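Could you build all of it, start to finish, from the sequences and the hints given here?
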Amino acid sequence: MRAEESAAPGPRPSSRTSEAGAGWTCDRPGTFTELMPDDRSPGFSWRRPTVLWRSRNDVIARLFGDPSDGIRRRCVAALTERGTPAAFTLHRTSPEFSFLLMGDTGEGDRSQYAVVPPALAAGGDADFMVIASDVVYPSGEAEHYETKYFRPYQDFRGPIYAVPGNHDWYDGLRGFLRVFCDLDMRCDPEPWNGALRLLPRLLWRKSGQVDEETLAAARAKYRGAPGQRAVQPGPYWAIDTPALRIVGIDTGITGGIDRDQGEWLREMSAGPKPKLLVTGKPLYVDDRHRPGRIEGGGTIDDIVRDPAHNYVAAIGGDIHNYQRYPIETRGGRTIQYVVAGGGGAFMHATHVIPKTRVVDESRFRLYPLRGDSLSHYSQMYGRWLRLPRLFSLTPEEATAAVKHRLGIEPGRGYDGAPPSLRARFVAAVLGVPHGGWRRTRLTRLPVRKLPQRFRSELADWDRPPFFKSFLRIDVTEDELRLRCFAASGCLEHETDPPCEDEVTIPLR
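For the sequence shown, the UniProt record's numbering puts the final residue at 508, and the numbers step up evenly by one.
None of these hints come from the bench; they were simulated from the model.
Treat the hints loosely; a few may be bogus.
Have a look at the derived ranges for each label pair, beta carbon to beta carbon [as the list claims (entries may be wrong)]:
(1) Pro85 - Pro191: 29 to 39 Å
(2) Asp496 - Glu34: 16 to 26 Å
(3) Gly124 - Arg28: 19 to 29 Å
(4) Arg47 - Ala417: 30 to 40 Å
(5) Ala220 - Leu199: 37 to 47 Å
(6) Leu196 - Arg47: 22 to 32 Å
(7) Arg330 - Ala417: 38 to 48 Å
Remember, it's a predicted structure, so these values are computed and weren't measured experimentally.
Idealized CB from N, CA, C, for every residue including glycine.
Here is the structure:
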């Protein structure tokens, strides 16, 4: 089973063909600002210590153990006692349907709202929407759903389903369960083990309160139409159709699933019907394989790769850009592993991704392009350090530096002039690997990963081009068509957003 790929489809220029297609020449922002709340409260910013502090459960879970498995089991038990079917499955009778998919949406700022008009233009007629990871930042409380979920998507007429991300778990999943599953249940972690067990218990951020009156008013005001209302079975679920089964899983804070969910996933994956996995954590990202542990043994990707399960794609959020890896497996099958986390939150840099080894670089797709990512970060550091003449690179200069350091052909053609010494220096200190190495030998400024935990968060910005993205997926009895559309924030791209990638997957 092989997919048909297109690097730069669609009628509009994309970032692969021109700087205008990427939004660099944008002179008028889009109409998305009219959708935003008209108040004087400060905008969302990862630079505030209070925002970072409210996200502390991520660090605690990684240091002392992720309590998500135990909390999830108790929540699922409560849903089952209420009468939710054990299969946690929704059914659709038509073999032909469309849906939007976007990950990591909920900052509630300009970069999130900028995605809404192009998403409605390209997918307003879709049957439903799926949000893959991090519906609400920074810590998933119910009080933030009005401005970060109900209001932005008020004009999408179909139902919305979601799988939680790590940030949705920072209040014990309470807000997520109340909004999507109609269950209000406060689940605190079970006691930690070890000599330092009191420390995580003291530091752990407890669940926020649910104001039922405010929540009901927000739902009625923004998404109260009968066609918009949907109650999903649980934090993990399946949507079964005659042509395709969509399986959504809850990967908690650190990317694993509990034993019970693993057993459910194996049951939902059985049989020859084509399947698509939606997960809060991608299985391939940044040229690395992250198979996802299952409590008790095995991995999520073991299930996806099993030929008997017939998965055609696995799509995950968490990393805030777009990446696609067509991985060939046993029997000549190709599974499309996709990162789709560009739905509204800050952008994770793509220029730090090495020349790909898990697939040939010529088959790898990403958005934004590495050169655009490097250009943005260089301009940002030029402003921050007050050294724009040293750091700021144009998209053309940045693309030449990426080509020089990685030895790849860039997605956008320029005249091929070699990079200047300054451009090569900036590329090195901002983390472009040399010769495909995964790390540079120079000390890098904050761009992506540890030891500075919140590097990309601090690099958030709220002016075009945003380099956000979303997926439209169209399904028939014979094929699945996946398209990645850009949301630059520019007025010229709102009604006809550039298509950055497209792949058609046969289902028969």
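Now for the hints, and whether the structure bears them out:
| no. | hint | verdict |
| --- | --- | --- |
| 1 | Pro85 - Pro191: 29 to 39 Å | 32 Å, holds |
| 2 | Asp496 - Glu34: 16 to 26 Å | 19 Å, holds |
| 3 | Gly124 - Arg28: 19 to 29 Å | 22 Å, holds |
| 4 | Arg47 - Ala417: 30 to 40 Å | 36 Å, holds |
| 5 | Ala220 - Leu199: 37 to 47 Å | 43 Å, holds |
| 6 | Leu196 - Arg47: 22 to 32 Å | 30 Å, holds |
| 7 | Arg330 - Ala417: 38 to 48 Å | 45 Å, holds |
In terms of the numbered hints stated before, the structure departs from none.
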